[in-house]
Amino acid sequence: MKRAPLFAGLLLAAACGAPRRTSAGASSLPAVPPVPAERRAPAEPPEVKDPNFILVVNESVPNPDDDGVSYTKIFVDGKEAGKTAVGRKSEERELKLKLPPGNVLIRLEQWILPGVGEWTRLDDSLQPRERFVRIEPGTIARLELRFSDGESYNTLTLSRQAAPN
Amino acid sequence: MFTMSPLKRFPKKLILCLAPLLISCGPTKEKEPNYSYQQATPLKPGATGVGTMKDSKEAHWWRLDVPTEGVLSAKLGGIRDIDFVISAYDKDRRELVRVDETTVGGDEQLLDLGVSPGVYYLTVSNKNPAANNPAQEYKLVTKLEPSAGREREPNFSALTAQPIEAGGVVRGWYWPTKNLLSDDPNAQGVDHWFSVDVQKQGLFLLNVDVSEVPKVDPVLEVYDTNNYKLVAVDQGGIGEGESLRNFGVRGPAKYLLRLRSKYDNAGNPDVPFDLMTELLPYQGRTEFEPNNQRADATPFEGDSIQGTIAPAGDADWYKVSVATEAKYLLRADLSGVPGMDLVLTLKDSVGNDLLVVDNAGKEQPEVLTGYGVTKGDYYLVVTEKTGRKADSRNSYTLAKKLIPWQTGLEWEPNDSTAAVQGLKVGDSVDGYFAPKGDLDWYEFNVYQKGVVELDLTGVINVTPTMTLFDQEYKPLAAASAAKPGEPVVLTRELDRGTYDVRLQPADPAQNNVRDKYSFRVIAK
Numbered sequence: 001m002k003r004a005p006l007f008a009g010l011l012l013a014a015a016c017g018a019p020r021r022t023s024a025g026a027s028s029l030p031a032v033p034p035v036p037a038e039r040r041a042p043a044e045p046p047e048v049k050d051p052n053f054i055l056v057v058n059e060s061v062p063n064p065d066d067d068g069v070s071y072t073k074i075f076v077d078g079k080e081a082g083k084t085a086v087g088r089k090s091e092e093r094e095l096k097l098k099l100p101p102g103n104v105l106i107r108l109e110q111w112i113l114p115g116v117g118e119w120t121r122l123d124d125s126l127q128p129r130e131r132f133v134r135i136e137p138g139t140i141a142r143l144e145l146r147f148s149d150g151e152s153y154n155t156l157t158l159s160r161q162a163a164p165n
Numbered sequence: 166m167f168t169m170s171p172l173k174r175f176p177k178k179l180i181l182c183l184a185p186l187l188i189s190c191g192p193t194k195e196k197e198p199n200y201s202y203q204q205a206t207p208l209k210p211g212a213t214g215v216g217t218m219k220d221s222k223e224a225h226w227w228r229l230d231v232p233t234e235g236v237l238s239a240k241l242g243g244i245r246d247i248d249f250v251i252s253a254y255d256k257d258r259r260e261l262v263r264v265d266e267t268t269v270g271g272d273e274q275l276l277d278l279g280v281s282p283g284v285y286y287l288t289v290s291n292k293n294p295a296a297n298n299p300a301q302e303y304k305l306v307t308k309l310e311p312s313a314g315r316e317r318e319p320n321f322s323a324l325t326a327q328p329i330e331a332g333g334v335v336r337g338w339y340w341p342t343k344n345l346l347s348d349d350p351n352a353q354g355v356d357h358w359f360s361v362d363v364q365k366q367g368l369f370l371l372n373v374d375v376s377e378v379p380k381v382d383p384v385l386e387v388y389d390t391n392n393y394k395l396v397a398v399d400q401g402g403i404g405e406g407e408s409l410r411n412f413g414v415r416g417p418a419k420y421l422l423r424l425r426s427k428y429d430n431a432g433n434p435d436v437p438f439d440l441m442t443e444l445l446p447y448q449g450r451t452e453f454e455p456n457n458q459r460a461d462a463t464p465f466e467g468d469s470i471q472g473t474i475a476p477a478g479d480a481d482w483y484k485v486s487v488a489t490e491a492k493y494l495l496r497a498d499l500s501g502v503p504g505m506d507l508v509l510t511l512k513d514s515v516g517n518d519l520l521v522v523d524n525a526g527k528e529q530p531e532v533l534t535g536y537g538v539t540k541g542d543y544y545l546v547v548t549e550k551t552g553r554k555a556d557s558r559n560s561y562t563l564a565k566k567l568i569p570w571q572t573g574l575e576w577e578p579n580d581s582t583a584a585v586q587g588l589k590v591g592d593s594v595d596g597y598f599a600p601k602g603d604l605d606w607y608e609f610n611v612y613q614k615g616v617v618e619l620d621l622t623g624v625i626n627v628t629p630t631m632t633l634f635d636q637e638y639k640p641l642a643a644a645s646a647a648k649p650g651e652p653v654v655l656t657r658e659l660d661r662g663t664y665d666v667r668l669q670p671a672d673p674a675q676n677n678v679r680d681k682y683s684f685r686v687i688a689k
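First to last, the sequence lines map onto chains A and B.
Count the first sequence with this note's numbering and you get residues 1 to 165, in order.
Count the second sequence with this note's numbering and you get residues 166 to 689, in order.
Fair warning: there could be bad hints in the mix.
Restricting the straight-line Cα-Cα distance to at most 27 Å, the calculated cross-link-like pairs of lysine-lysine (DSS-like) are [to be verified]: (1) B/LYS614 x B/LYS540; (2) B/LYS614 x A/LYS98; (3) A/LYS73 x B/LYS308; (4) B/LYS614 x B/LYS689; (5) B/LYS380 x B/LYS308; (6) B/LYS240 x B/LYS304; (7) B/LYS512 x B/LYS380; (8) A/LYS73 x B/LYS589; (9) B/LYS292 x B/LYS240; (10) B/LYS550 x B/LYS540; (11) B/LYS589 x B/LYS565; (12) A/LYS79 x B/LYS589; (13) B/LYS527 x B/LYS566; (14) B/LYS394 x B/LYS484; (15) B/LYS365 x B/LYS419; (16) B/LYS639 x A/LYS96; (17) B/LYS601 x B/LYS512; (18) B/LYS256 x B/LYS292; (19) B/LYS240 x A/LYS79; (20) B/LYS639 x A/LYS98; (21) B/LYS365 x B/LYS256.
Honestly, the hints are just simulated from the structure, not real lab data.
Start from the sequences and build out the full structure, keeping to the hints where you can.
Right, dumping it as structure tokens:
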């Protein structure tokens with residue numbers, strides 16, 4: 001008989017420690033904040049008919065363990081004009097665009113997904129240099145961006161090919 | 166004053182009476198028959214044995230009771246008609262060494278047989294079937310000496326290698342020249358094997374010097390305990406020594422040294438070789454041989470390191486690791502070596518050439534003025550240009566600096582349109598026309614049509630040229646200095662667009678590793 005008050009106390013303590021039910025019936029865990037739009041991985045770039053500009057991006061990755069994922073944004077005359085698909089750094093990715101004719105200023109922005117964390121824009125000092133590219137009728141300008149040494153070095157090569165009739 | 170010669174105090178008759186007694190203290194006469202070990206004539210180590218070859222077909226056995234550890238040598242005086250062979254046996258009649266270096270009438274020498282207290286036998290035999298000289302006496306002169314600092318033959322195989330302390334001198338002989346007891350019928354020459362047991366834990370440098378011996382061209386090799394040859398040194402010729410420097414040893418470990426005469430039948434019983442070894446703790450100030458390939462590169466962590474080009478064709482690899490994400494310019498200075506034209510090559514983490522520095526000639530230093538590096542491993546490789554020279558006594562010094570890169574400094578490689586270095590109008594950049602054949606490309610954007618001036622300062626020894634290209638890499642204009650050391654200026658009205666500039670010496674052989682140029686793009 002002397003044990004009854006002790007048992008009642010334990011029952012009360014256990015009830016206080018149990019998770020509370022919300023109205024929806026789920027436990028009250030903190031909500032995950034939404035990922036900002038600029039840090040979201042881009043969707044597959046849309047198919048462009050009769051492109052006059054092709055961006056090709058790849059990276060030399062000697063060690064497969066270092067082969068993370070990345071994508072590249074392109075800005076034409078200061079406005080974002082597209083993104084490459086997300087892919088392995090060592091994979092060659094192409095972005096085809098139809099740009100207005102003329103001498104356009106191209107700026108590329110490299111984004112990488114670190115082992116832990118969100119999509120991160122590569123440091124300014126490691127981004128490819130800005131340059132002009134002339135868009136001419138009847139030709140396709142091909143700009144090739146190649147990273148090496150873990151994005152610490154890049155080369156940018158411009159070439160031109162005849163557009164298919 | 167009274168003086169008198171001691172001999173004059175004895176009558177001549179007394180001297181003659183004592184003569185036989187005096188003679189009995191001289192050479193030991195063989196006691197025939199001595200044609201087997203049981204019949205062997207006892208001979209004190211250090212004494213001389215005398216005998217005749219009455220029965221020239223039988224070997225004459227001599228028994229030596231060796232009282233202490235030491236090295237035993239024997240010289241057998243040649244006699245007419247006899248082609249001597251001398252052999253040494255242990256107490257169980259196992260033949261240890263056989264010497265047959267001369268032909269009929271020649272002396273034979275057995276040198277530095279390692280002995281312990283106990284019984285040994287020497288046999289004297291004849292190889293000439295037509296020998297007929299029963300009367301003339303041969304002399305077998307023996308000598309027993311302490312073995313400290315001496316080679317103990319037979320050490321003719323890796324299995325019988327003589328243990329030596331690293332840090333001392335061992336004296337030995339390229340004699341005999343033939344190993345007549347070898348199982349291999351094609352085996353020629355005699356190898357001298359020594360084992361060095363490094364018992365301490367850690368990194369050490371082993372230096373080995375072999376002294377010169379007339380008539381002999383020595384070859385020194387180092388093996389591990391698996392019998393893998395790690396290095397061979399053969400830079401000297403006949404009558405010259407050999408030297409192994411900075412051979413890296415990871416203790417505890419055992420290494421085998423094999424010393425031999427390059428040419429069969431070449432030896433010298435009159436002049437010994439000295440094998441000097443030295444074991445030093447490795448402190449990162451010298452190369453760690455073998456460092457002849459990327460996998461064995463010596464870590465280059467300090468500001469400078471020393472090395473030698475030996476043997477001929479040696480390539481010394483040094484690993485430079487950049488640990489941080491920052492950008493650096495790697496500068497390297499390589500000193501000259503007498504009689505050699507050194508070449509310095511920079512390689513990437515997988516061993517591909519990034520830059521070859523071969524600006525200067527023989528005995529002159531080489532300078533890598535600056536190459537852009539980021540986090541990762543790089544290799545500096547030092548070679549001799551012809552691949553035929555070696556010098557283990559004169560070392561080179563390779564110094565390096567990692568200079569944090571900043572805007573305004575040239576970033577090599579910028580030698581192509583793909584690797585062009587970006588520059589803003591109004592900014593300047595300092596760079597080098599080096600190494601030989603260097604081309605430097607810069608790129609700038611013009612956002613509004615206007616007049617742009619390109620200024621390049623002059624540097625000694627270089628006549629610079631400047632070429633301006635449009636964004637499709639079509640040349641627009643070019644300018645050149647009138648003579649070496651003079652500046653170049655190019656002014657032009659440019660439309661909105663991207664432009665490239667190529668700077669280069671008028672003659673690709675021109676270079677300057679000391680003075681920087683300064684290049685500036687100015688909007689007028």
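Hints, verified against the model:
As the CA atoms of B/LYS614 and B/LYS540 are separated by approximately 40 Å, the hinted pair breaks the 27 Å bound. About 26 Å separates the Cα atoms of B/LYS614 and A/LYS98, which keeps this hinted pair within 27 Å; it holds. The suggested pairing of A/LYS73 with B/LYS308 is violated, with an alpha-carbon distance near 90 Å, which exceeds 27 Å. For the given pair, B/LYS614 sits about 11 Å from B/LYS689 by alpha-carbon distance, which is consistent with the 27 Å threshold.
Proximity of B/LYS380 to B/LYS308 is assessed by CA-CA distance (about 25 Å); at most 27 Å being required, the pair is judged to hold. Proximity of B/LYS240 to B/LYS304 is assessed by CA-CA distance (about 8 Å); at most 27 Å being required, the pair is judged to hold. With a C-alpha separation of about 43 Å, the suggested pair B/LYS512 and B/LYS380 falls outside the 27 Å cut-off, and the hint is violated. Taking the CA atoms of A/LYS73 and B/LYS589, the gap is about 23 Å. The hint holds against a cut of 27 Å.
Note on B/LYS292 and B/LYS240: the hinted pairing holds, with a Cα-Cα distance of about 17 Å set against a maximum of 27 Å. Restraint check: the Cα-Cα separation between B/LYS550 and B/LYS540 comes to about 30 Å, which exceeds 27 Å; the hinted pair is violated. A C-alpha spacing of about 30 Å is found between B/LYS589 and B/LYS565, which places the hinted pair above 27 Å, so the restraint is violated. A hinted pair counts as satisfied when its Cα atoms are at most 27 Å apart, and A/LYS79 with B/LYS589 qualifies at roughly 21 Å.
Proposed proximity of B/LYS527 and B/LYS566 is supported: the alpha carbons are some 24 Å apart, at most 27 Å. Of the pairs offered as hints, the one joining B/LYS394 and B/LYS484 holds, with about 24 Å between alpha carbons and a cut-off of 27 Å not exceeded. As the CA atoms of B/LYS365 and B/LYS419 are separated by approximately 11 Å, the hinted pair is consistent with the 27 Å bound. Simply put, B/LYS639 and A/LYS96 have alpha-carbon atoms about 26 Å apart, close enough for the 27 Å limit, and the pair holds.
Of the supplied pair hints, the one linking B/LYS601 and B/LYS512 holds, its CA atoms being roughly 17 Å apart against a limit of 27 Å. Distance hint between B/LYS256 and B/LYS292 is fulfilled; the C-alpha atoms sit about 24 Å from each other, no more than 27 Å. Proposed proximity of B/LYS240 and A/LYS79 is contradicted: the alpha carbons are some 99 Å apart, above 27 Å. Distance restraint check for B/LYS639 and A/LYS98: the Cα-Cα separation of roughly 25 Å lies within the 27 Å cut-off, and the hinted pair is therefore satisfied.
Annotation: proposed proximity of B/LYS365 to B/LYS256 is violated, straight-line Cα distance about 37 Å (limit 27 Å).
Hint compliance for this structure: hints 1, 3, 7, 10, 11, 19, 21 are broken, all remaining hints hold.
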